[in-house]
Amino acid sequence: MKTILQLKNVSIGFNQILYANINAELKEGAFVCLLGINGIGKSCLLKTMAGLQEVKSGEVYIEHKALKSMDSFDLAKKIGIVLTEKLQIDYLTVFELVSFGRAPYTGRRGDLSKDDKKLVQKVLEDVGISEIGKKYFSELSDGQKQKALIARALAQTPELLILDEPTTYLDIPSKIELIALLKKLTQEKKITVLLSTHDLDLIKDSADEFWLMGKDGEFSSGSPEEMNSSGLIANNFFRSGSK
Amino acid sequence: MKLKYSILFVPVLALALALLFIGESGLSNDAVLVNELRLPKVMACLFAGGLLAVSGLLMQIFFQNPLAGPDILGISSGSSLFVALWMMAGAGLSPFVQEWGMNAMSFFGAISVFLLLLFFLKRNVSRVSLIIIGLLISSFASSGISVLVSMSQALQLKNFLVWSMGSFRNITQAELPRFLVFSILSIFPVWFFLKPLNQFLLSENYAKSVGVNVKKMRMVFVTIAAFQISIVTLYCGPIGFIGIISPHLARLYLRRAQLTHLLPAAFLVGSFLALLTEMILVMTPTLSISVNAILGLIGAPIIVLYLYRQRSLSL
Chain A
7 MKTILQLKNV SIGFNQILYA NINAELKEGA FVCLLGINGI GKSCLLKTMA GLQEVKSGEV
67 YIEHKALKSM DSFDLAKKIG IVLTEKLQID YLTVFELVSF GRAPYTGRRG DLSKDDKKLV
127 QKVLEDVGIS EIGKKYFSEL SDGQKQKALI ARALAQTPEL LILDEPTTYL DIPSKIELIA
187 LLKKLTQEKK ITVLLSTHDL DLIKDSADEF WLMGKDGEFS SGSPEEMNSS GLIANNFFRS
247 GSK
Chain B
27 MKLKYSILFV PVLALALALL FIGESGLSND AVLVNELRLP KVMACLFAGG LLAVSGLLMQ
87 IFFQNPLAGP DILGISSGSS LFVALWMMAG AGLSPFVQEW GMNAMSFFGA ISVFLLLLFF
147 LKRNVSRVSL IIIGLLISSF ASSGISVLVS MSQALQLKNF LVWSMGSFRN ITQAELPRFL
207 VFSILSIFPV WFFLKPLNQF LLSENYAKSV GVNVKKMRMV FVTIAAFQIS IVTLYCGPIG
267 FIGIISPHLA RLYLRRAQLT HLLPAAFLVG SFLALLTEMI LVMTPTLSIS VNAILGLIGA
327 PIIVLYLYRQ RSLSL
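If you read the sequences in order, they're chains A and B. According to this note's numbering, the stretch in the first sequence is residues 7 to 249, in order. According to this note's numbering, the stretch in the second sequence is residues 27 to 341, in order.
Just so you know, not all the hints are guaranteed correct.
[Unchecked claim] In silico DSBU-like pairs for lysine-lysine, Cα to Cα no more than 30 Å straight-line:
1. B:184 / A:92
2. A:74 / B:241
3. B:30 / A:120
4. A:83 / B:221
5. B:242 / A:92
6. B:30 / A:123
7. A:221 / A:14
8. A:123 / B:148
9. A:140 / B:148
10. A:14 / B:241
11. B:148 / A:151
12. B:148 / A:124
13. B:28 / A:123
14. A:124 / B:28
15. B:242 / A:128
16. B:241 / A:62
17. A:83 / B:241
18. A:33 / A:140
19. B:221 / A:124
20. A:62 / B:242
21. B:148 / A:74
22. A:140 / B:28
23. A:33 / A:124
24. A:128 / A:62
25. B:184 / A:83
26. B:28 / A:62
27. B:241 / A:71
28. A:195 / B:221
29. A:221 / A:83
Since the hints were derived computationally from the structure, they do not count as laboratory data. Since the structure is predicted, the reported quantities are computational estimates derived from the model, not experimental observations.
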């Protein structure tokens, strides 16, 4: 299987280093879940991988090319991201929002070609929101908003989709639906999905791999079974005495 | 969509034409009156109103703040303060230096305030704090201007007071061409950057995630908006409210957020508000009301209504 992304001795952070020495790689079509307690730097790592934040040291490779040396539009064609930011925007339709994801491909003025429009429509169908394309984004439920933002990222036709806590504000059925949708994308479209979440129970059966930012500063990765049996998950998420 | 635009054009054109033929002295089509007084006034309304609206829209997107505007964030008053300083300091210089210096100072004042706000933005101040900082900058600049006024000579003082009241009637026939050229020059680049600007509608991070050079665009934004605001301030004085309410009215009317649609509509709404204000002034020649007084009466309630409608959102 093709390697989509590699982290080599990566340190992340804003002014100070938040987390150091991260080594990991993402394979094509993998469904990977990033775990770690609040404030450990999950968002920061995800943003760094998507090029939204600078790599403090070490190197991120996207298909063996260093991220630092990549053109921003080429990077946008490889990686799509869904952030935790709450968008407050009136009167923007779902179709328009999703079509914003075509920006790395459109010309100077950003006009959509016929093919672009078809692709946007197709992405809306893939995500299961084609019937609400004409609705305003601000009118959607939280679950629909999350799907629309995923569609926007998919419109970039990325190989890697990164999602920062996509299930946080959703009710349980929507959480399950969203995870199933992401799993489907990895299987049917061979898109690699990396997401951070606290919904461990819901995701453990779907995930191919866990990445764990341990509170001791050790980064580790492995299949959910390995990670569970090694006791790493328990150490990081359950207080001693419980479970 | 096209119909909505056409409908928007009607009141703008009607008011513009009406103002060409109706003056404070009543209905007349005296050529001198029309050319020398009314045409510059109508053009000032059309373009200054439009520029304020466009710059307000840019600022609201840029600061991700629905209350941002040239006046409320202190850009207009920063620009005014520097123009005022130049009026005093540049008094003895040649007319050429005086004029162009004024242009430069007005732009410099506007962009300084922008950079100051950017500095606070980098320190992660909240959106409400940013508005308060803007208001404080504004009151600082106004105080500075009053000090300058008290220090000025009698002749200067009159020009100065008239200008600092804000009016669409300050532009002379001779100044009109330059005002128009500047105005058009300051709008043109906005069209050029529509694609990245649209991406900022979501957020800076989302813009960056599709390849937009956010740092560069930030400077482009600030320069364009500062240029637009400085033109209006220089030729018309500080004009309130149009910049902040026009984008909201345009969005409410069009029910569209994409800038391709919204920008021209906001421009037209800005022109409309300026023309409407001027029309009210023409109809009430005996009361010497200022432009800003009328705009305040119209604008403040609109902002309150907007905030009331948006009460589910946290600012």
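Quick rundown of the hints versus the structure:
About 51 Å separates the Cα atoms of residue 184 (chain B) and residue 92 (chain A), which puts this hinted pair outside 30 Å; it is violated. With a CA separation close to 16 Å, the supplied pair residue 74 (chain A) and residue 241 (chain B) stays within the 30 Å bound. With a C-alpha separation of about 25 Å, the suggested pair residue 30 (chain B) and residue 120 (chain A) falls inside the 30 Å cut-off, and the hint holds. Between residue 83 (chain A) and residue 221 (chain B) the alpha-carbon distance is near 17 Å, which keeps this suggested pair within the 30 Å criterion.
Proximity of residue 242 (chain B) to residue 92 (chain A) is assessed by CA-CA distance (about 24 Å); at most 30 Å being required, the pair is judged to hold. At roughly 24 Å between alpha-carbon atoms, residue 30 (chain B) and residue 123 (chain A) fall within 30 Å of each other, so this suggested pair holds. In summary, the hint linking residue 221 (chain A) to residue 14 (chain A) is supported, as the alpha carbons are separated by about 20 Å, within the 30 Å threshold. As the CA atoms of residue 123 (chain A) and residue 148 (chain B) are separated by approximately 37 Å, the hinted pair breaks the 30 Å bound.
Note on residue 140 (chain A) and residue 148 (chain B): the hinted pairing is violated, with a Cα-Cα distance of about 36 Å set against a maximum of 30 Å. Between residue 14 (chain A) and residue 241 (chain B) the CA atoms are separated by roughly 27 Å; this keeps the pair inside 30 Å, and the hint holds. Proposed proximity of residue 148 (chain B) and residue 151 (chain A) is supported: the alpha carbons are some 28 Å apart, at most 30 Å. About 40 Å separates the Cα atoms of residue 148 (chain B) and residue 124 (chain A), which puts this hinted pair outside 30 Å; it is violated.
For the suggested pair residue 28 (chain B) and residue 123 (chain A), the alpha carbons sit about 21 Å apart, so the restraint of at most 30 Å is met. Between residue 124 (chain A) and residue 28 (chain B) the alpha-carbon distance is near 24 Å, which keeps this suggested pair within the 30 Å criterion. This hinted pair does not check out: residue 242 (chain B) and residue 128 (chain A) have alpha carbons roughly 33 Å apart, beyond 30 Å. Restraint check for residue 241 (chain B) and residue 62 (chain A): the C-alpha separation of about 19 Å stays at or below 30 Å, so the hint holds.
As the CA atoms of residue 83 (chain A) and residue 241 (chain B) are separated by approximately 20 Å, the hinted pair is consistent with the 30 Å bound. Distance restraint check for residue 33 (chain A) and residue 140 (chain A): the Cα-Cα separation of roughly 36 Å exceeds the 30 Å cut-off, and the hinted pair is therefore not satisfied. Restraint check: the Cα-Cα separation between residue 221 (chain B) and residue 124 (chain A) comes to about 20 Å, which is no more than 30 Å; the hinted pair holds. Between residue 62 (chain A) and residue 242 (chain B) the CA atoms are separated by roughly 22 Å; this keeps the pair inside 30 Å, and the hint holds.
Using a Cα cut-off of 30 Å, the hinted pair residue 148 (chain B) and residue 74 (chain A) holds, with the two alpha carbons roughly 23 Å apart. For the proposed pair residue 140 (chain A) and residue 28 (chain B), the alpha carbon gap of about 18 Å is at most 30 Å, so the pair holds. With a CA separation close to 29 Å, the supplied pair residue 33 (chain A) and residue 124 (chain A) stays within the 30 Å bound. For the suggested pair residue 128 (chain A) and residue 62 (chain A), the alpha carbons sit about 38 Å apart, so the restraint of at most 30 Å is broken.
Of the pairs offered as hints, the one joining residue 184 (chain B) and residue 83 (chain A) is violated, with about 60 Å between alpha carbons and a cut-off of 30 Å exceeded. For the proposed pair residue 28 (chain B) and residue 62 (chain A), the alpha carbon gap of about 50 Å is over 30 Å, so the pair is violated. For the given pair, residue 241 (chain B) sits about 24 Å from residue 71 (chain A) by alpha-carbon distance, which is consistent with the 30 Å threshold. Between residue 195 (chain A) and residue 221 (chain B) the CA atoms are separated by roughly 29 Å; this keeps the pair inside 30 Å, and the hint holds.
The hinted pair formed by residue 221 (chain A) and residue 83 (chain A) fails the criterion: a straight-line CA distance of about 33 Å is larger than 30 Å.
Of the numbered hints stated above, those contradicted by the structure are hints 1, 8, 9, 12, 15, 18, 24, 25, 26 and 29, listed in ascending order.
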